[in-house]
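As they're listed, the protein sequences go chains A and B.
Heads up: the first sequence at position 231 corresponds to 231 in my numbering, and the numbers run straight through without jumps.
Heads up: the second sequence at position 198 corresponds to 1198 in my numbering, and the numbers run straight through without jumps.
Quick caveat, the hints were computed from the structure, so don't treat them as lab data.
Take these hints with a grain of salt, some might be off.
Stated by the list, open to error - Simulated coverage check for chain A against chain B, where a stretch passes if three residues somewhere in it have a Cβ under 8 Å from a Cβ of chain B:
(1) 112-121
(2) 306-318
(3) 323-329
Said to hold, decoys possible - Computed cross-link-like contacts, DSSO-like style, restricted to lysine-lysine with a CA-CA straight-line distance of at most 27 Å:
(4) Lys-1035(B) with Lys-1098(B)
(5) Lys-1351(B) with Lys-52(A)
(6) Lys-60(A) with Lys-1333(B)
As the list claims (entries may be wrong) - Estimated spans, in silico, between C-beta atoms of each pair:
(7) Pro-1309(B) with Ala-286(A): 32 to 40 Å
(8) Pro-12(A) with Met-1118(B): 42 to 50 Å
(9) Asp-256(A) with Gly-1137(B): 39 to 47 Å
(10) Ala-286(A) with Lys-1293(B): 55 to 63 Å
(11) Pro-1309(B) with Lys-52(A): 33 to 41 Å
(12) Arg-214(A) with Ser-1117(B): 51 to 59 Å
(13) Asp-1323(B) with Ala-11(A): 25 to 33 Å
By construction, the Cβ of each residue, glycine as well, lies at the ideal position given by its N, Cα and C atoms.
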Amino acid sequence: MASHFATPIAAPAQTGVTMVEAIRQAMMEEMQRDPAVVAIGEDIGAYGGAFKVTDGLLAKFGRERVIETPIAETAIIGAACGMSFLGLRPVAEMQFIDFIACCFNQITNFVAKSHYLWGAPVPIVVRGPSGGGVHGGPFHSANPEMYFVHTPGLKVIYPSTPADAKGLLKSAIRDNNPVLFFEHKYLYRRIKEEMPAGDHLVPIGKAAIRREGRDLTILSYAAMVHTSMEAAEQLAKEGIEVEVIDLRTLLPLDRDAIITSVKKTNKLLVVHEDTKTGGIAGEIAAIVCEGAFEDLDGPIARVTAIDTPVPYSPTLEEYFMPNTEKVVAAARELAKY
Amino acid sequence: MSQPLTREQHLNLYYYMQLNRQLEERMVRLFRQNKIVGGLYSSLGQEAVSVGTASAVEKRDWIAPMIRNIGALLVKGVPPRDIFTQHMAKYTSPTKGKDGTSHFGDLKDLHIVSPISMLGDLIPVMTGVAMAGRYLGQNIVALTWIGDGGSSTGAFHEGLGLAAAQKAPFVLIVENNQWAYSTPVSRQVPVKNLADRAVAYGIQSSIVDGNDVVAVFNNTKYAVEECRAGRGPRLIEVKTMRMRGHAQHDPAEYVPKEMFDFWKSRDPIVLYEKFLTDNKIWDAKTKSELDAKIEKLLDVDQQFAEDSPMPPPEFAAEGVYCDGCHDISAEFKRPMSEVTPPGSGIDITYKLSDFPAGMGDAASVLKSANGGHSQHQKPQQKPQQQAGAPRPVLHANPARQPNTVQQAKPAQPQPAPRPAVAPVPPKPVPPIYPEDEFVEPERAAEPEGPRVPFGRGPKDKAFRDTAEAKVYSRVQKGRNSAAPANGNSKNFTPKSPAKNFSKSGGAKSFGKQGGKSQGKGGR
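If we strip away everything but chain B, and leave its shape as in the complex, we get:
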């Protein structure tokens, strides 16, 4: 079990979650007063994700938030005034009005990379940050977030593939808030848990209740430590819920009421307040002091933002290029002789240490009469508990091991990695979405017989008259089951989620279904 949190850590988690929420509530009011220039994207209900994850990294580590990770910015040291001024497009904002929302960063002190709207792009970028940090000997970890929606982008897969190939010290938080704009997860991703995708990259992953800030913190802390020890990258799926529409303009009428009701009862701040009280970590006085501190800070910063000027128009023409306005330098924390010739030199031919004996399983598969595929192990159900997985090797300094190439070493059965900190025991994951998996269509087995030659079909007169036509199953089936409402075609139509929702009727059955899925999934 990981170290229990100190009282100060507990109070900080509360402080930043509440600061996040109060800040956003003020911005909703500013939005209604037309003082927010562009869109406003609420992270209501997701505060535990932003705050819990960002609290688990150190000052030297790098983060790249998404638009709803305002809490993470606050934890990393961004003052609320920067969030206000960004949204209000003021000259005093970090981007001086060039961009809005949480689209800003700080390379020198806070180590924050700015998000862009094209989701997934930050994954390869933060992989590069992680690789550079390792190359420079800085022992940093890079962390970024991606939504359930963004996990379908090409950049997600390209980036995660590179991170895995490079064993980069990189943590990816998959923030599953159930909705990508108006599309539910089950309409985007045909796997039950987004964390299951980690298996395909050969990386470790875990799933955590995103509304339990302590669980999020502990899980991320463990992942960060694993990465720092050279056993990265890691993926964490946090299951949570976006409690508002995509942005202020979106009333989210497509979300079933039961779903909002369920998650409202799991409000991360309410849950945590109860936790702090039940465990006697705070008392009413502490809470009111913290709340007052938040109010005071937000009063001052909001006033600052409202009083700030808009940028002068001609400022638009400045800053396309860096004309020496930035000092670009790399901070090496390792001997330069390791990375410059002759120290950096290597023998470029890949070496196999004990070929072919070392091919292990692969050799037996090749010898097997059955060929490869049937011999493959079934994918592990729980990627975070893969036994016998080869211990990810630190990206060794090639200068020291000129004759060894990590990739060329065949996977040998090795003891499972012994974590520096024991993994957080999986908590029961709350039911998040009713059973709505696609029904696997029951396809009749195609009868044995000659296949229809390409380009010849029922409309081909010459074909229609031949004997082959008689065994062309699809044609015959189509003709026999003339009515479209026939059972056959029904099977091919996946159930719609909306339909299922209305059928599930009420929070009670919702919860029940969730319980069922828990039992099946075993998480």
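The following block holds chain A by itself, in its conformation from the complex:
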């Protein structure tokens, strides 16, 4: 086991930690803990990555462990996969998660299937900045998570808070399976949080209740959790008590948490920034119909992005994305049942 190299992690509790800092801490601590952990990607070394997530890794761990590559996403994922066959645990960065489409074949056909087909586990993490709201335009704002949620063999994580990002990334690096780790770039520096002390781990596949409520459930993940929380505040003033659940992991889904909450509130609204058709709301609706249909007092509602590419102009993007107003309006309608 690689664990016999382990050095204990004695990180103190900290306040005001951003998501970028949390992810960097996770990488630092895991690379320190286990020399089998390496980082690979474009401009992740001297420059520290396009969003400075990997800043400082090169100086500390050197070029053999912080591997800067040509602009070649298929080569990045292929090499990470090959390295994992010798027991390494590479963390590959997509400069923007949109570029993951360039290595779609490598991930979905080789990485995801290796364990099932020929018993070769691929313990790699593919991480990168995703999501809109920062006017990045159609090629720097995507939420491509559902392509991969539809791929057996992968795990898909999309955290909404710095503490979760750190704890889940550390769990992902230690996981024996390929994990896609989406980092919402809108959240990178906009939220700060207290970071627990020590070797902070968050289990993969477990949702979190962000706010308790009795009238209806909002299921969401990533940046839309914060939008949903704002909506819940407003709705509380109107007397509607909303339960907000942060999925955190999209594959495997925490089915129990979904069913339990729906049985409690009897109404479900799913909010996601991904586009509507083929978004996870449809899958969740099916899960609820299979597991808690008798408990529903109203139709399963969803607030999502519209079925278009992410437009560039702020007015267009605002129209494209879900926001607090849209969530509040949908929740009000649902609460009437």
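Chain A is fixed; fit chain B onto it per the hints.
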């Protein structure tokens, strides 16, 4: 010259080539009996490539075969029963029926990475294997194969680019079997030799007769040793011929008969048997003993496969995730202190050792009034003999040289690498494909004159009336040479290969043309 092969090595090469062929012949019979579940992809005529290359790597080295590299699997230690059971989708197969053909691997003992059908993907994967092996201090070499067809994929170029940038101990065998399914090489790749592509990556390459197993072995052995010495990656193009269709369903009617005839006369096993006899390496008794051994082994393994059960249906639901069923560990064969802080720490600013004097050629190019391009050297004709090429530097341990970054060192003229083993002298490459290069279209030089503004053309009435229209060459040419059968348009049509084949008429002229190309190519 490389070490001559021992008698045992010679007999092993024969044994595995013959085992490969006999195994596949049995599978053809099983296919006809409907006992093979999916497709069957023949490597008939290509045995020397699989066996010669795989025999040149060591046990610790890693390989990733393509579907036709069954011989390589056998050499690496896969028993024939695994090939039978895989094709028959049995529960006893390495993948327990989850996948077929040669799609399986072994990470722990045999160091084989499973192929997938998307060709080219294994190149970055094996580059990663090579990089990991170097990082762990294991001194291994990674080797994989790609076909002429697969060499057009993006993954080929991305992977080779990364391997070259990383100076990875990685050997790529480009198995040029003349056909990608039904498309000949000349319809896919506008270069004469696929090995020429290595120049673009700044890596060394060679070309070898893929039906000469000893040449394949020696060439690969040299490449593997170069990589192990830190002078990788290397590319080897082996020229051979796929003697069957893409798979059993394909009668390969698109292949000219002359081409099959030519290559049939160069059957790698027949050639090698003659070589062994002529050089008195074996006698009839040895041959019959080896053949009997093969028959016996295949009898037992085929029976095992036929008697094996199919997997239980519900087994389909198992094994998507590794839930602790595998122990994942990295075997470090170097001091851990080199790769963990503080030993791993470096100064991240790139250093130039003697800037700007060290820019060498680049400096003179920048000063030159003519600018850059005319100053560039012409690409070398023979990448394997590049003189004065900077010696590829071992991926040094940065911990030991914190102030030196290899990439930032400008290329200084250095003596050519002195190989540990002398390169195998290039053998005459057999004619493989008749002259069928695209005819460079003769384009008339555009006359001097004002260019037609974008969006304005002959149908634009306002334009048609202006003086500019008179010098718009393309319009005028088109009008003057009204008939489509005019010589002008003919020039733009590349000759079709089929046409050329029928014209070349017979094996004799085929061979002659090949001889001509040999003389020109100088290989």
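Consistency of the hints with the structure:
1. Requiring three or more residues with a Cβ within less than 8 Å of a Cβ of chain B, the coverage given for the stretch 112-121 of chain A holds, as 9 such residues are present.
2. Counting residues of the stretch 306-318 of chain A whose beta carbon lies closer than 8 Å to any beta carbon of chain B gives 0, which falls below the threshold of three, so the coverage claim is violated.
3. As drawn, the stretch 323-329 of chain A meets chain B at 0 residues by the rule of a beta-carbon pair under 8 Å; below three, the given contact is violated.
4. Restraint check for Lys-1035(B) and Lys-1098(B): satisfied, since their Cα atoms lie roughly 17 Å apart, inside the 27 Å limit.
5. As the CA atoms of Lys-1351(B) and Lys-52(A) are separated by approximately 22 Å, the hinted pair is consistent with the 27 Å bound.
6. For the hint linking Lys-60(A) to Lys-1333(B), the alpha-carbon distance of about 21 Å falls within 27 Å, and the restraint holds.
7. Between Pro-1309(B) and Ala-286(A) the Cβ separation comes to about 36 Å, which falls inside the hinted range of 32 to 40 Å.
8. At about 47 Å, the beta-carbon gap between Pro-12(A) and Met-1118(B) stays in the expected band of 42 to 50 Å.
9. Roughly 46 Å separates the CB atoms of Asp-256(A) and Gly-1137(B), a value that falls within the hinted 39 to 47 Å.
10. At about 59 Å, the beta-carbon gap between Ala-286(A) and Lys-1293(B) stays in the expected band of 55 to 63 Å.
11. One distance hint, 33 to 41 Å for the beta-carbon pair Pro-1309(B) and Lys-52(A), is violated here, with the actual separation near 56 Å.
12. With their beta carbons about 53 Å apart, Arg-214(A) and Ser-1117(B) fall inside the hinted range of 51 to 59 Å.
13. Judged by the Cβ atoms, the range 25 to 33 Å given for Asp-1323(B) and Ala-11(A) holds: they are separated by roughly 28 Å.
Consistency with the previously given hints fails for numbers 2, 3, 11, ordered from lowest to highest.
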